[in-house]
Amino acid sequence: MDLSLIQQFLTFITLPFQSFLTIEILLIFIIIYLFLIINEKRQNNKVRIALTALIIFLFSLLVFYFSNDMIDVLSEIIRTLMRCFYFPNIIFYILTTVISLIILIYTLFKSHQTKLNKIITYTLTLIHLYLFTNFISLAITTNLSLIDTANIYQHDNMFVIVLSSQIIFIILIIYKVIYHFCYIRHEKLKNKQ
Amino acid sequence: MQNKNKNIKSQLFKVGFFFLIVGIIVFVSTPLRKLKGDVFEEMRLAIFQLNINEDNTTINDVNTENLEVTPENTEVAEENDKKANYSYIGQLSIPKINLKRGFVSKESRYNNIEYNVTIANEADYPDVPRGNFILMAHSGNAYISFFDKLYRLEIGDEASVSYNAVTYNYRLTNIYNQAKTGTVAIYRNPAVKTLTLITCTHNDDYNQTIYIFEEI
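Just so you know, the protein sequences line up as chains S and G, in that order. The first sequence: position 109 = 109 (my numbering), numbered continuously. Counting from 1 along the second sequence, just add 1000 to a position and that's the residue number in my numbering.
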């Protein structure tokens, strides 16, 4: 951790030659890389399939050998997502509000959107912003410090406001993703015709 | 004919997809509920720690003139107790298995194996000299299986209990099994303060395991 820039570089260079296993890993990845580059010229479909299978096999092997750790990592990822959903810290909560605000302003000035889409976006973003404003006003009136996450969620009102905001935000994001996929697909079909 | 076949295939695909989604939901619902429980537990413990810190701050500012207990004070305290029936009064930690769970008072309706790590009615609180603090919880795969990793413990492993802003440290000295009969016999050294954890035996439907920890 306390290495200088040159030491970091030297460590990076010597890293693949520290054991027989690391040399093997390096060779496998060089071979895959060379095959990918050469195949770009030849465009052989069999090589593509073989390389995909090889990469999947390598990563499956890793997952098999470290299955317990992988489950722990996966659990930790889901736990972190749940923490962000149920008990987001103030930075994350402000970030979602900023995203919501950007979506609102973008929709406001974008003319090539259906009226229904605009109405849905306005409704969801405004509910989200209204809840955020409520959250801030409640924090001010109860003289609550927002830095400590536990301090926020020991108040039931705050928990309910944040949870509702998160639900609205997720609905908004899912709606936007689905809308854009449908929109892009629709545009492509139109262009084809 | 071809259109009809396509329609049947499409219908079959939709039904298959529906069952796949239902299957995935059923398969992941229990682990997800367990993870959700963990996240809520973390927050409850964080709130518990926060309140301990706030209480400690208050202790420094105690006005000794108002130490007399009045009926009004008692009423307020009782009212607060009613409101705070899910507030933790302490925390059990076992670092080896990454276990951190809060527990509520014996009188709380949430001192129940379906909600929390439960204090047995016969248990003494950790601050009782030479007392036996007995905690029980489920093991297995359910989201309320708070003691699901206890089977990994070995003699000599350490645990700690935080109660009334004091941490009591214990070391595991004995593990034994007993048949599930509705009661359990606890064999411990009565001269030492102990912590007893009771849960179902790992991969065994007919026995329960008792873990005896002695104070260090």
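No lab work stands behind these hints, which were simulated from the structure alone. C-beta: ideal position from N, C-alpha, C; glycine also. It cannot be assumed that every hint is accurate.
What the hints assert, rightly or not - A few chain G residues that face chain S, going by a derived Cβ cut-off under 10 Å, partial list only:
#1 Pro1031
#2 Leu1045
#3 Ala1046
#4 Ile1198
Hint compliance check: list the failing hint numbers for this structure, sorted ascending. 4
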